[in-house]
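S.K.: Residue numbers (the numbering used here), protein chains in the order written: chain A, 1 to 149; chain Z, 1 to 139; chain X, 1 to 150.
To be clear, the hints were calculated from the coordinates, so they are not data collected in a lab. Check the hints yourself; a few may be wrong.
Stated by the list, open to error - Straight-line C-alpha distance at most 25 Å; calculated SDA-like pairs for lysine to any residue:
id : chain 1 : residue 1 : chain 2 : residue 2
1  : Z       : Lys71     : A       : Thr66
2  : X       : Lys7      : A       : Phe13
3  : Z       : Lys89     : X       : Ala51
4  : X       : Lys98     : X       : Ala88
5  : Z       : Lys103    : A       : Asn49
6  : Z       : Lys89     : A       : Ala145
7  : Z       : Lys103    : A       : Ala145
8  : A       : Lys77     : Z       : Asp113
9  : A       : Lys77     : X       : Gly39
10 : Z       : Lys7      : Z       : Ala120
11 : A       : Lys77     : Z       : Asp109
12 : Z       : Lys41     : X       : Arg110
13 : A       : Lys77     : X       : Gly55
14 : Z       : Lys103    : A       : Glu146
15 : X       : Lys7      : A       : Arg16
16 : Z       : Lys41     : Z       : Leu115
17 : Z       : Lys86     : Z       : Arg62
18 : Z       : Lys7      : Z       : Pro37
19 : A       : Lys77     : Z       : Lys7
20 : X       : Lys82     : A       : Asp11
21 : Z       : Lys7      : Z       : Ala80
22 : Z       : Lys103    : A       : Ala26
23 : A       : Lys77     : Z       : Gly106
24 : Z       : Lys116    : Z       : Asp131
25 : Z       : Lys41     : X       : Thr107
26 : Z       : Lys7      : Z       : Gly135
27 : Z       : Lys71     : Z       : Ala120
28 : Z       : Lys103    : X       : Arg109
29 : Z       : Lys86     : X       : Ala51
30 : Z       : Lys89     : Z       : Glu124
31 : Z       : Lys71     : A       : Gly50
32 : Z       : Lys89     : Z       : Leu102
33 : X       : Lys82     : Z       : Ala126
34 : Z       : Lys103    : X       : Pro38
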Amino acid sequence: MAGDILEMTVDKFLFRFPSDLLYGPAGIWVRFEGARARIGLSDFTQQRNGDVAFAEPKGAGTRVGTGEEVALVETIKVNLSVPSPVAGRVVEVNADLLSSPELVNQDPYGRGWLAVLEIEDAEAVRRGLMSAAEYMALARVEAEAETRR
Amino acid sequence: MSAKPRKIPVAACSGIGKSLGAAAREAAYVLAEDLRPGHAKVVALSLLVMGDEEASREVAGREALAIDGCKLECAAKGLACAGAAKVRKVAVFDVIRRHRGLKPEGVCDLNEDGLKLARAAAEEAAGIIDDIDAGGGCA
Amino acid sequence: MPDLPRKKVGLIACSGEEMAEGTVTRRAVRTVLETLRPGDTVTLCLPLFLAGSEGERAFARFYPTIAVDGCDKRCAARATAKYSARPAASIVVAETAKERGCGAIGTARRLNEAGLRLAGEVAARIVEETDRLLAKKPRGAGRGSDRGKP
Chain A
1 MAGDILEMTV DKFLFRFPSD LLYGPAGIWV RFEGARARIG LSDFTQQRNG
51 DVAFAEPKGA GTRVGTGEEV ALVETIKVNL SVPSPVAGRV VEVNADLLSS
101 PELVNQDPYG RGWLAVLEIE DAEAVRRGLM SAAEYMALAR VEAEAETRR
Chain Z
1 MSAKPRKIPV AACSGIGKSL GAAAREAAYV LAEDLRPGHA KVVALSLLVM
51 GDEEASREVA GREALAIDGC KLECAAKGLA CAGAAKVRKV AVFDVIRRHR
101 GLKPEGVCDL NEDGLKLARA AAEEAAGIID DIDAGGGCA
Chain X
1 MPDLPRKKVG LIACSGEEMA EGTVTRRAVR TVLETLRPGD TVTLCLPLFL
51 AGSEGERAFA RFYPTIAVDG CDKRCAARAT AKYSARPAAS IVVAETAKER
101 GCGAIGTARR LNEAGLRLAG EVAARIVEET DRLLAKKPRG AGRGSDRGKP
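Chain A extracted, bound-state conformation (with noise of 0.2 Å):
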């Protein structure tokens, strides 16, 4: 994972958001790689919703819009509805998240990925995406919020 990683603090929880991936507002990180994104829960999100128990991407093949569900991810807490950060289409999916699904919990940006995308238009796509800056930031204000509630 290149470039520099923006870490976040909010009691005894670190956070990480590695500054050369771009962010959706549900906390999906998108890795682009040509025509193509590999997206994932960020740190935050997959620290915020517990330990993964099942990770269920939408199969090879399904075309998904921006904000539409990409995977079903069922945590010991919550069965967490995975929006897709951009529109197109499953190309591939994290097949190791069948017999390992904590990958998502520990190491969210490498080997706990969850699909890739064919995407059509990809700099609309990143228009519509955040920085880690940016992220981080709406990161905190929902963390902190959490933690006074």
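Mind docking chains Z and X on chain A? Use the hints.
M.R.: For chains Z and X alone, coordinates are given in the frame of chain A:
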């Protein structure tokens, strides 16, 4: 007259931050008190890791069982640290994957799903205790 | 030095599985965290702490902690001092039980009514220490909300 076999030491992670830790702790009690009384003994994890002599004597050179809440495996590491010859493991996190739909809640007072999960983990642990007993283990 | 926001107190319970007093520590700490001082406290997980968690150990290095132990072996207090920094306060349930003249408090698996009351007493002591560490004005003695239900 043969000597009474020693109980197999069982350490639970007892993680205080998550319901899985609470389920691990409860599973240890279900195992030692309900399912295999006389065959399993709960040992305090913190005593083991802090090097308490009495606790370490229960474990050193013996086969032991760890019941952990998550993949961080604090109990398994603690038993290894205390010198257990072999550490068998039950991961509550894996047990929950075999009982899909359970949503354990609570730390001091587990909800119904949490108690079910603890029971399921204890039953798997009981199988391991039987296996150790049958094999003689390093008792 | 990490970015340090609002000051909070870390509570670390021994959770000793072999004794009812260990279960009291756990219940008392959770009561403070969830009900009595939810915005002022954080729990530190002793097993994670002992296993080397950077989050737990770093917190204990930079913020005040209260160790809550079941017995005088003081695993939580010793571990905190060994791996991070000496706790700012240390409470031992067995000592509190003796001061209060508690009889049997149940088992490690299930506290009885006396055990639940003892957990409430310990929680109140944790609150006193928390308020002191956060330099809050002391509350009036005997206020029901500070006793809390375990």
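S.K.: It remains to establish, for every hint, whether it holds in the given structure.
M.R.: Results of checking the hints against the structure:
1. Z:Lys71 x A:Thr66: 33 Å, violated
2. X:Lys7 x A:Phe13: OK: Lys7 of chain X and Phe13 of chain A at ~14 Å, within 25 Å.
3. Z:Lys89 x X:Ala51: Answer holds: Lys89 of chain Z to Ala51 of chain X is near 16 Å, not above 25 Å.
4. X:Lys98 x X:Ala88: 23 Å, holds
5. Z:Lys103 x A:Asn49: Holds, because 13 Å separates the two Cα atoms, which is no more than 25 Å.
6. Z:Lys89 x A:Ala145: 38 Å, violated
7. Z:Lys103 x A:Ala145: Satisfied, since the Cα-Cα distance of roughly 24 Å is no more than 25 Å.
8. A:Lys77 x Z:Asp113: 11 Å, holds
9. A:Lys77 x X:Gly39: Holds. Lys77 of chain A to Gly39 of chain X sits at ~22 Å (cutoff 25 Å).
10. Z:Lys7 x Z:Ala120: 21 Å, holds
11. A:Lys77 x Z:Asp109: 16 Å, holds
12. Z:Lys41 x X:Arg110: 17 Å, holds
13. A:Lys77 x X:Gly55: 21 Å, holds
14. Z:Lys103 x A:Glu146: 20 Å, holds
15. X:Lys7 x A:Arg16: Answer holds: Lys7 of chain X to Arg16 of chain A is near 21 Å, not above 25 Å.
16. Z:Lys41 x Z:Leu115: Given pair Lys41 of chain Z, Leu115 of chain Z holds - Cα atoms ~20 Å apart, limit 25 Å.
17. Z:Lys86 x Z:Arg62: The given pair, whose Cα atoms are some 7 Å apart, holds under the 25 Å limit.
18. Z:Lys7 x Z:Pro37: 9 Å, holds
19. A:Lys77 x Z:Lys7: The hint is violated at about 35 Å.
20. X:Lys82 x A:Asp11: It holds: about 21 Å lies between the C-alpha atoms, which stays within 25 Å.
21. Z:Lys7 x Z:Ala80: 18 Å, holds
22. Z:Lys103 x A:Ala26: 23 Å, holds
23. A:Lys77 x Z:Gly106: Holds, at roughly 11 Å.
24. Z:Lys116 x Z:Asp131: 23 Å, holds
25. Z:Lys41 x X:Thr107: 14 Å, holds
26. Z:Lys7 x Z:Gly135: 14 Å, holds
27. Z:Lys71 x Z:Ala120: 18 Å, holds
28. Z:Lys103 x X:Arg109: It holds: about 21 Å lies between the C-alpha atoms, which stays within 25 Å.
29. Z:Lys86 x X:Ala51: 18 Å, holds
30. Z:Lys89 x Z:Glu124: 10 Å, holds
31. Z:Lys71 x A:Gly50: This hinted pair holds, its Cα atoms lying about 12 Å apart.
32. Z:Lys89 x Z:Leu102: 21 Å, holds
33. X:Lys82 x Z:Ala126: 35 Å, violated
34. Z:Lys103 x X:Pro38: 23 Å, holds
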